[in-house]
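Novice: Each chain is listed here by its residues.
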Amino acid sequence: MKNVNCLIIGAGISGVSIAYNLASKGMKNIHVVDKSYFTSGATGRCGAGVRQQWNTETNCLLAKKSIDFFEHAKEILQYPGNLEFKQEGYLILATSQQEHEQFIKNVDLQNSLDIPSSLLSKEQALAIVPHLNPDSFVSATFCPTDGHLNPFKMTEAYMLAAKRLGVTFSFFEEVKKINRDNHKIVSVETTKELYIVDVVVNAAGGYSAEVGALAGIDIPVYSENHEILATEPVERIQGPMVMSFSKNIYCQQVPHGAFLMGRTTPGQPHNHDVESTWQFLDEMAKTAIHILPLLGELRVVRQWGGSYNMSPDRQPIISATEDLEGFYIACGFSGHGFMFAPMTGLLLSEIILKENPTLPIAGLSLERFKHITDFEVEQSVV
Amino acid sequence: MRIKNHPILTFTQEEEIAFTFEGKSVKGNKGDTIASALSALGIMTLGHSIKQNRPRGFYCAIGNCASCNMVVNGVPNVRTCITLLEENMDVWRQMDKGVYK
Chain F
61 MKNVNCLIIG AGISGVSIAY NLASKGMKNI HVVDKSYFTS GATGRCGAGV
111 RQQWNTETNC LLAKKSIDFF EHAKEILQYP GNLEFKQEGY LILATSQQEH
161 EQFIKNVDLQ NSLDIPSSLL SKEQALAIVP HLNPDSFVSA TFCPTDGHLN
211 PFKMTEAYML AAKRLGVTFS FFEEVKKINR DNHKIVSVET TKELYIVDVV
261 VNAAGGYSAE VGALAGIDIP VYSENHEILA TEPVERIQGP MVMSFSKNIY
311 CQQVPHGAFL MGRTTPGQPH NHDVESTWQF LDEMAKTAIH ILPLLGELRV
361 VRQWGGSYNM SPDRQPIISA TEDLEGFYIA CGFSGHGFMF APMTGLLLSE
411 IILKENPTLP IAGLSLERFK HITDFEVEQS VV
Chain E
640 MRIKNHPILT FTQEEEIAFT FEGKSVKGNK GDTIASALSA LGIMTLGHSI
690 KQNRPRGFYC AIGNCASCNM VVNGVPNVRT CITLLEENMD VWRQMDKGVY
740 K
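Residue numbers (the working numbering), protein chains in the order written: chain F, 61 to 442; chain E, 640 to 740.
Excised from the complex, chain F in its bound form (with noise of 0.2 Å):
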């Protein structure tokens, strides 16, 4: 048995950073426990992309405030090592006049909270990514301050400044049973110990709604598997992220030189299902040649999977619960946990330390999916 102020349940990007935050304004005795190895999870297969061209003002605030943080992660974070960090931009493809009219009002919205996105016409973006198929879209929009990030370099630039700060952290440990006396959460029985705790957090990524159920927390997300490629490195032929939600692609090259993509695959059951199918890396290969004709050259070296964890409005839940004392969820980041874990961490940590939040934090809250039933859904994803 232990005595703990909090457990964090998931040692994914989102559990490093909540943790960080939280010793970082002075809470001790902080305890990270996760079921598998270090980045196992979809941290670990996410495809590294950081981004700000969202067309919900949440979705732009989060990841407005959280490429302001990466900019400067290495230095606050202390890491010795490289984030692989580039800004290089994502171009955006409009393939029809009315994702063209959308995104008119996209970049309106991005740029009233500062982002610096621009509406591009086809010759401007080719001048960005020449190897582009101009037939191929009608029109972009590009964000030079959106990039690419190593989720594993990052992910441990959180824990090992966790560590410095006190934070301890088990690997190989699953949460089997969390007790509650009444609306107070009381211990958590893992498959090695029992903690007795004042704070929880949830953020188990794609077992999330599981972990709320132990604890009686009924979570409106579920998991499904998105798959990726990775091809052999090459040398240096794209520089920014290129993207597009009508053709169901995103692909980028990364500083090591290999072109990673990923897209979605449609009617996907929901589970935790995270292999590798030929009928994704068929569909991918085509839509990447079309789009990307000189990609055609390039092997594919290998494919994996990863759980994207779905909420209703595709935004994250990063909340207190009504019903539980003591309990908090960070999850449902619909394939953008990664992009957005400073503000998840620094949110999280404000709300449980009853300090006022950086950014509003209602549209974040698991209260919404009951009290609301129209909300704005976030249409730009892949």
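It should be emphasised that the hints constitute simulated quantities derived from the structure, not laboratory data. Here the structure is a predicted model, which is why all the values come from computation and not from measurement. Keep in mind that a hint or two might mislead.
Stated by the list, open to error - The calculated lysine to aspartate or glutamate pairs, modelled on EDC-like cross-linking and capped at a C-alpha distance of 16 Å, are: (1) F/K414 - F/E385; (2) F/K213 - F/E131; (3) E/K690 - F/E295; (4) E/K669 - E/E653; (5) F/K244 - F/D383; (6) F/K252 - F/E233; (7) E/K740 - F/E295; (8) E/K736 - F/E292; (9) E/K669 - E/E654; (10) E/K690 - F/E292; (11) E/K736 - F/E357; (12) E/K740 - F/E357; (13) E/K663 - E/D729; (14) E/K736 - F/E295; (15) F/K414 - F/D258; (16) F/K244 - F/E385; (17) F/K165 - F/E436; (18) F/K346 - F/D195; (19) F/K95 - F/E249; (20) F/K213 - F/E135; (21) F/K236 - F/E270.
Put chain E on the given structure of chain F with help from the hints.
Specialist: Below, chain E without anything else, positioned relative to chain F:
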């Protein structure tokens, strides 16, 4: 090195194929892969490693290891151990990850 005399097997003399390696005219045999022709010419270094720029040569010989990747007729990352030699091929050591245009 080529085996010319063998107690059991016979190796017939194949016709020669002319090609260029790093701009110099050289010869291989019909039936050679690019890498086997270079090996027979005593050329051991086919490229250089990506990070440390160390010499890389003939290794797996079945197209899996990428150690023999070379620039052939302007195309980078050609697996020369499984690519048959052709007349007038222009073969260069690859010094980078491969430039695509």
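Novice: Is E/K736 close enough to F/E357, meaning Cα to Cα at most 16 Å?
Specialist: At roughly 13 Å apart (the allowed maximum being 16 Å), F/E357 and E/K736 satisfy the hint.
Novice: With a cut-off of 16 Å on the C-alpha distance, tell me whether F/K236 and F/E270 pass.
Specialist: The given pair, whose Cα atoms are some 10 Å apart, holds under the 16 Å limit.
Novice: Between E/K690 and F/E292, is the straight-line Cα distance small enough, at 16 Å or below?
Specialist: holds, 14 Å
Novice: Keeping to a limit of 16 Å between CA atoms, is the pair of E/K669 and E/E653 held or broken?
Specialist: holds, 6 Å
Novice: What's the verdict on F/K414 and F/D258, does the C-alpha distance respect the 16 Å limit or exceed it?
Specialist: holds, 14 Å
Novice: Between E/K669 and E/E654, is the straight-line Cα distance small enough, at 16 Å or below?
Specialist: holds, 6 Å
Novice: With the threshold set at 16 Å, check whether the alpha-carbon distance from F/K244 to F/E385 stays at or below it.
Specialist: It holds: about 5 Å lies between the C-alpha atoms, which stays within 16 Å.
Novice: Checking one constraint from the list: CA of F/K213 to CA of F/E135, max 16 Å. Satisfied?
Specialist: Judged against 16 Å, a Cα distance of about 14 Å means the pair holds.
Novice: Does the structure keep E/K740 and F/E295 at a Cα separation of 16 Å or less?
Specialist: holds, 10 Å
Novice: Check the hint pairing F/K95 with F/E249 against an upper bound of 16 Å on the C-alpha distance.
Specialist: Within the cut-off at roughly 13 Å; holds.
Novice: For the pair supplied as a hint, E/K736 and F/E295, is the alpha-carbon distance within the 16 Å limit?
Specialist: holds, 5 Å
Novice: Is E/K740 close enough to F/E357, meaning Cα to Cα at most 16 Å?
Specialist: holds, 10 Å
Every hint, counting from the list given before, is met by this structure.
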